[in-house]
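Chains B and H are the protein sequences, given in the same order.
Numbering-wise (this note's numbering), the first sequence opens with residue 1 and increments by one.
Numbering-wise (this note's numbering), the second sequence opens with residue 1 and increments by one.
Bear in mind the hints are in silico, worked out from the structure with no lab data behind them.
Check the hints yourself; a few may be wrong.
[Said to hold, decoys possible] Restraint-style ranges between C-beta atoms, simulated for each label pair:
no. : chain 1 : residue 1 : chain 2 : residue 2 : range
1   : B       : P280      : H       : H224      : 57 to 67 Å
2   : B       : N446      : H       : T167      : 45 to 55 Å
3   : B       : Y11       : H       : D103      : 48 to 58 Å
4   : H       : E236      : B       : M436      : 33 to 43 Å
[Said to hold, decoys possible] A short, non-exhaustive set of chain B residues, derived as facing chain H with CB atoms under 10 Å:
no. : residue
5   : R71
6   : V447
7   : E449
8   : L488
9   : D505
10  : T513
11  : K549
12  : T550
13  : I560
14  : C564
15  : E569
16  : C571
Cβ atoms here follow ideal geometry from the backbone N, Cα and C, with glycine treated the same way.
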Amino acid sequence: MKPTDIGAPDYLHKVVDCQWACPAHTPVPEYIRLTAAGRYSDAYMINWHSNVFPGILGRVCDRPCEPACRRGRVDAEPVAICRLKRVCADLKDDIRHRLPKPPAQKNRKRIACIGAGPASLTVARDLATIGYQVSIFDSGKSPGGMMRSQIPKFRLPDSVLDEECGYIINLGVDMHYEHWVNSLRDVLAAGWDAVFVGTGAPRGRECAVPGRQEAAAHIHIGIDWLANVSFGHTTKTEKRVIVLGGGNTAMDCCRSARRMGGEDVKVVVRSGFDEMKASPWEKEDAISEGIPILNMLVPKEFKHDNGKLTGMLFEKVRAEYDAKGRRSLLPTGEPDVLMECDEVLIAIGQENSFPWIERDIGLEFDKWGLPVLNPTTLQSSLPNVFFGGDAAFGPKNIITAVAHGHEAAISIDRFCRQRDLLRRPSPLTNLVSQKMGIHEWSYDNNVSEESRRKVPTKTLDKTLLDIKLELEIGFDPFLACAEADRCLNCDIATVFTDKACIECDACVDICPTECISFTANGEEDDLRGRLKVPAKNRDQALYVSDTLKTGRVMVKDENICLHCGMCAERCPTGAWDMRKYFYKTAAAGAEAPRK
Amino acid sequence: MTYFAKPKLLRPDTPKNALGYTRRDYEGAISSLCAGCGHDSISAAVVQACFDLDVEPHRVAKLSGIGCSSKTPDYFLGNSHGFNTTHGRMPSVLTGAALANRDLIYLGVSGDGDSASIGIGQFAHAMRRGVNMTYIVENNGVYGLTKGQFSATADKGSKNKRGVVNTDSPIDLVALALQLGATYVARSFSGDKEQLIPLIKGALRHRGPAFIDVISPCVTFNNHAGSTKSYDYVREHNDAVNRLDFILPRDQIEASYAPGELRRVVQHDGSILLLRKVKTDYDPADRVGAMNHLQERHALGEIVTGLLFVDSTSESMHRHLNTVEKPLNQLGDAYLCPGNSALEALNASLR
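The following block holds chain H by itself, in its conformation from the complex (with noise of 0.2 Å):
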């Protein structure tokens, strides 16, 4: 553990964004977790991007649940709205929220023990009610705080530190977010920014529920040979179905693609999802596809990553719900309270 903050000193040439922030403003405290924690480098994806979509602090609403991974907020966008939720809640908080107020950038973080486990409720119907949001998974496999025990995302056979064997089936969160209809779902690796970060941008520019499972060793209770998890495992049997280009509207995209292998989504608010392909002729506008893909992948012990599916026509639950559009906290005593001659109106109506 770090007993003292960053130092403040920059670099001279240190890269600045649109808005004139440097990546160093994006950041929060420094980390408590372990040293080589998987999920710092997931905050350190999350600041990346942000700094990379110019997005303003304040415009960012994080919510987490109770672990190490929802710990994490704490660690990036230090200028950020936060609320650190009750285990396992964190959807519905978020859900609240985001009803309450539709112009915030909404951030969910989490655990496979808190969203698998103690959450596996709430995450389903944040999901299917089609929250406008960003959820992002860090999957490390066991439950760290508690030393190590294995958690519900745990593959059916792996080993723990100590060599026992899991004996329980595993639950899939990509699996299940795809069947529950989350419009942007995607796997990655802790390990592999250069895939993380672009999923993470194009997660917080899509409109509607975008899931990420981000696979994120547990260097001291999980990272060890026996492990499903480990570093050196999910890059043995990574199987990325293609490789993201997250380009903003204002970008010139510069790289040229053979015909082919190259696919292009529009999102609605114009930002553009490149989507290398990467061996297979993968559809991800395909729900039923990806799912199948999915399962035979992992039969085989492959570990899908990617964007694996995404649907750019998406609503949101506000949409849905035909909810105000102005943030409640705007509307004003005049507009909530119109008075009792608007009542009278309303009465004489349904008369």
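The following block holds chain B by itself, in its conformation from the complex (with noise of 0.2 Å):
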């Protein structure tokens, strides 16, 4: 193999693996090393530079880091980055004045964003900073967009929404509230310099078994009745509920169900349990509220009595893998499933809907009905109109929407610019040595052997009343501190300087995962099988080095690595040493590497 480039910004940053999975890439282990410290403050800046919302992703993020996080490969569990983060959220000081000012100066650019949800409020974020008039149009009362509406009450109060959204608009942001936008046209007639569409994936799908008609009074879908739960016109269910669905949104839909008058509430998938879409904890939260998740069921009719639904009828399925690893839900045989119920709630899925967008603007669709993107830019077949969060490739999650909205952001300035949108602002990336002594480094280098804290939750009896009362208390200081510790601290890079190296083996001996080994170089395939332990897992570089003095080559498995520093203390050179890498994504107004 050829020596690894650790120069090329992608080396380093893959080996932080929280980061790299982050569509953001929010610099995880420097806001949980700045936690464990105290530096609240200091943490939730870095967060809300790269995640914009630190209190409400600390709270409802999908959490790509955490199936990512290196301790979940050496441990039970990875550590709980998204509950850190939450952690910096409550407890950091005012932090208003170390938010940024808008220019004074605009730059006479104006920029619409249609819906006020994550992705168009970071698009409006990143370009009011650096001098463009942002219009955000929504038909809501107050901005979030589905933040707000989807999310149950419990799980993120309606304070961290309003707090967070407000430090976005209070940068000199236009809201225009109870504002539908029904005609693209219009919009664009109205001469804006860009427009920007973060309009989410606001359609339910729909359950079409026989009747389903005849009992819509007590059948609802489940994103529409989460929203009227969420605004006060939904205020109570029914005793006994049928949720249908294995998404994070039927978690949502039956736990809010449980707290408002829902005794008999119950989860009914088609698919099994491990394959549902919803998150591990969603799952395990709703099951310890008493809700029993039924799988391998599909949905055959609604019975009901002249149009009072009086309960479901499901046929047992079993899965069959096909040679391709499709899927497919054959019938058992055995008898369908009648379940009595009074009411059920439909989250089998969501759908674009562009209804408002003419199609004969020039805006290209594509068969599934999304619009035709390019996936870098997020730029339209129209040029000045630009996606984002789930309005763009269907649904995904938060911390993707406003992923999105930066990349929008960059997108919008060098459109504005007249500046070519796939040459992008590169990265700003730091490496510095952490040596302070002999052996003594900068950063915690001892290894946490603790196993994952439990987030401390309010008693089940007084949340199940009251919808809006926050189940989770969050960590305090000390388990945020203790749990922090369990970070192991990835960005801390072991660097290794193939001219200074004696080939002792200090640092093969001493690595306590033997991840080092020296050996002759070869074909990756066959270097893989011959390191001290075989690297078998092909998703983790191997940092390999320059022929050394006796014809051999470091080899180092990056998959295992705990970066202890251990390596570095023994080696007598300093052919080792332990440097941060920093990595901050582009921000909207940086310019371009030149070519």
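Please dock the two separately framed chains into a single complex, following the hints provided.
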């Protein structure tokens, strides 16, 4: 293999698994260290710059970082990254004076954002701080989009939403509430320099089985029902409720129903438990509130008595996989299952819907009804119209919407300045040695062997009575510190200088996870098999040095490195060094590197 | 110096041996030697050898004298018996332990000062008595604990860190061991684990005195230009006579060798030493030839390494002394003190 070039921005970034997995590339280990040090405001600002909504995401993020966390590969559970984010939001001081101020001199460019969800708010923040005049149009009375309408208040209180949306609106963003945009043609005619569409995926999928029309009064689409709950239009449910669907919306529906008078609430899912789309922790939360999840049942009929819903009929199925691994659900032949109920919530998926975009204005849609976009720039076939969030590529999650918002803001800025949109500004990267003394580092390299801390919650007998009472209390500073200590500091990179190595093997001998080898070079497959412990995880890179004096190379398997720094402590010549890698994504307004 | 213990977290695919132990289970405390010390590599080689041999840690007794090298038994086999004896006296304490209990695997660890200076008499007699042990000398040619004076194994003409030239003749412990009757004699280099680990394995499974001289660079006081025990010098002058593959009786021999390049030695316990010849037509069964070869190559400035001599028919001290087979601590009062009637019978037989 060729020597690894750690100067390429992605190499060391990929070693920081959590940051790499985060769509917005939040510098996770850095804010976790700051949280442990009690510097909550500093930790908050690092989050705020990259993911815009630390308090919100610290409660409801989909956490792609946690399954990626290196700790999960050597320990039972990953670091509670998400809830540590909440800690810095909960315990910070007033940070308003640290927020950027919009420049006094505007650049006279006017941008319209349709929808006031996370994608639009991110675009607005990124552009308002560099002189754009941004206007947001939304049909609702308050900002937040689906974060406000569909996430129950016991998971995300309004106060948190108000605070973090407020930071953005106070940058001088024009908010147009209760403004239903019903024609993109009209918007375009108003002469905006660019238009950003962040309208989400607002239509819940239907469950068209017999009885749906007749019993319609007691059957609701999950996301619409959640919005009605959120805004106080719906205040109670029947006693026996069935929730159809296995995603996070279904979990929110069943847990809301449980708090609104539902005594016998159950979730019925077509697929098996493990294939459900809901995050594992959301399933756990539902189960812990006494809600059974029943799997491998396909809805067959709504049973009703002259329009009064009496129950639901399900067909039992089993999963079969063909040679390509595609699943099909086949009836088991067992008798159908009848479940009595008084109300059904359908949460089996969301779809995009753009009835307000005329199909003759030059904006192309694909066969799934999604806009045709450049995946990098998020630009549509109308050059001045950009998409982001669920409106761009279908339903994803908040953190993806934020990431889209950043990219769209960069694109809009380059578009308005007539720059090539495909030439993107580079991330800011930095690599600094953490050596403080002979064997002292400026980070805590003692690896914690503690297990994951549970977030304290209020008792169920209280929280099940009040849908607005937040269930989780959040970590206190001590729990936060103990949990933060579990972080392996993957951004403190092991950097090897081949010229200094005397091949004494000290690093090989000390490495607690045996990830360093000195061996003859070879092709990757061959080399992976010849290491001290064969490197079977091909998603993780090999760090290969140039040829050493004895003709061998140093090969480090990045997979299980604990970043404990023992290799660097045992190295007599400083060939190993622990250096902090800081990676900050480019922001709108930054220039692209010259070719 | 590392202030904390190695993290206990393991990779999920950590290899385990037949006893279900990982390599980590054969480790000891964190080394407090200088970073990059060759001795730490030897400790790691001992760990690997014991892991590969499925050694039960409680069946090993590790004994040492005084010095940097003699500290190392603290850094491997943390669950084994250990005895840090007085300076140069490891061989006699070990001999006593072996006489009392022949069931344990005896590993003596010493250095060039401990064995070639203050303890040379002890070393010589352990070899000639045929104590069943593995005797490892971690040889760096200097007194590291007292800031790098030449030791008795430093080559004449080599320079210390301040540029002073050594004027005394060196003691070659390998030559002494050969002459004194050791039945398994090897030399290796701490920076070449591929060679060292099989040599340690062979020695641990050898019956009789097995001696391994391991050149182990002192990174702090003897790893400079002009030293003959530095990483660079040893790598440039390493003159291996053979490469050893150690095969347990249960293992399949997978590698294939051209005829004539291989020598096969079966030890008393059925383990097999496969010796691949390198360069010369070297005969490891020829004690006199080995001594001659050693002298010739040393005169040319080369460091002869490999398994230099092995006698698989050797007998240990217990046979010579006709000692009791059972460990003394298991004999029991009735056996040790058979009572008046037994004494009477004995006395009567001598009348």
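* Does the interface hint hold: is L488 of chain B within less than 10 Å of chain H, judged Cβ to Cβ? -> 9 Å, holds
Taking the least C-beta to C-beta distance, is C564 of chain B closer than 10 Å to chain H?
Hint on C564 of chain B: holds, closest Cβ of chain H at ~6 Å, below 10 Å.
**Q.** Hint check, R71 of chain B versus chain H [nearest Cβ-Cβ separation less than 10 Å]
**A.** 9 Å, holds
Is the gap between the beta carbons of Y11 of chain B and D103 of chain H within 48 to 58 Å? 54 Å Cβ-Cβ, so the 48 to 58 Å window holds.
Under 10 Å is the threshold here; is the Cβ of K549 of chain B close enough to any Cβ of chain H for the hint to stand? Since chain H brings a Cβ to about 7 Å from K549 of chain B, closer than 10 Å, the hint holds.
Notebook entry, point to check: So does E236 of chain H sit 33 to 43 Å from M436 of chain B, Cβ to Cβ?
Noted result: 37 Å, holds
Interface hint compliance - I560 of chain B to chain H, C-beta minimum distance less than 10 Å
4 Å, holds
E569 of chain B as chain H interface residue, shortest Cβ-Cβ below 10 Å
Hint on E569 of chain B: holds, closest Cβ of chain H at ~5 Å, below 10 Å.
Please check whether T513 of chain B passes as an interface residue: C-beta within 10 Å of a C-beta belonging to chain H. Since the shortest Cβ distance to chain H is 5 Å, the answer is holds.
- Query: Per the hint of 45 to 55 Å, is the separation of the Cβ atoms of N446 of chain B and T167 of chain H within bounds?
  - Reply: 49 Å, holds
*asked:* The hint names E449 of chain B as touching chain H; please verify it with the least Cβ-Cβ distance against 10 Å.
replied: At about 6 Å, which falls below the 10 Å cut-off, the nearest Cβ of chain H leaves the hint on E449 of chain B intact, so it holds.
Tell me if V447 of chain B is really an interface residue toward chain H, meaning its C-beta lies closer than 10 Å to one of theirs. Hint holds; V447 of chain B Cβ to chain H Cβ min 4 Å, cut 10 Å.
Every hint from the earlier list agrees with this structure, and none is contradicted.
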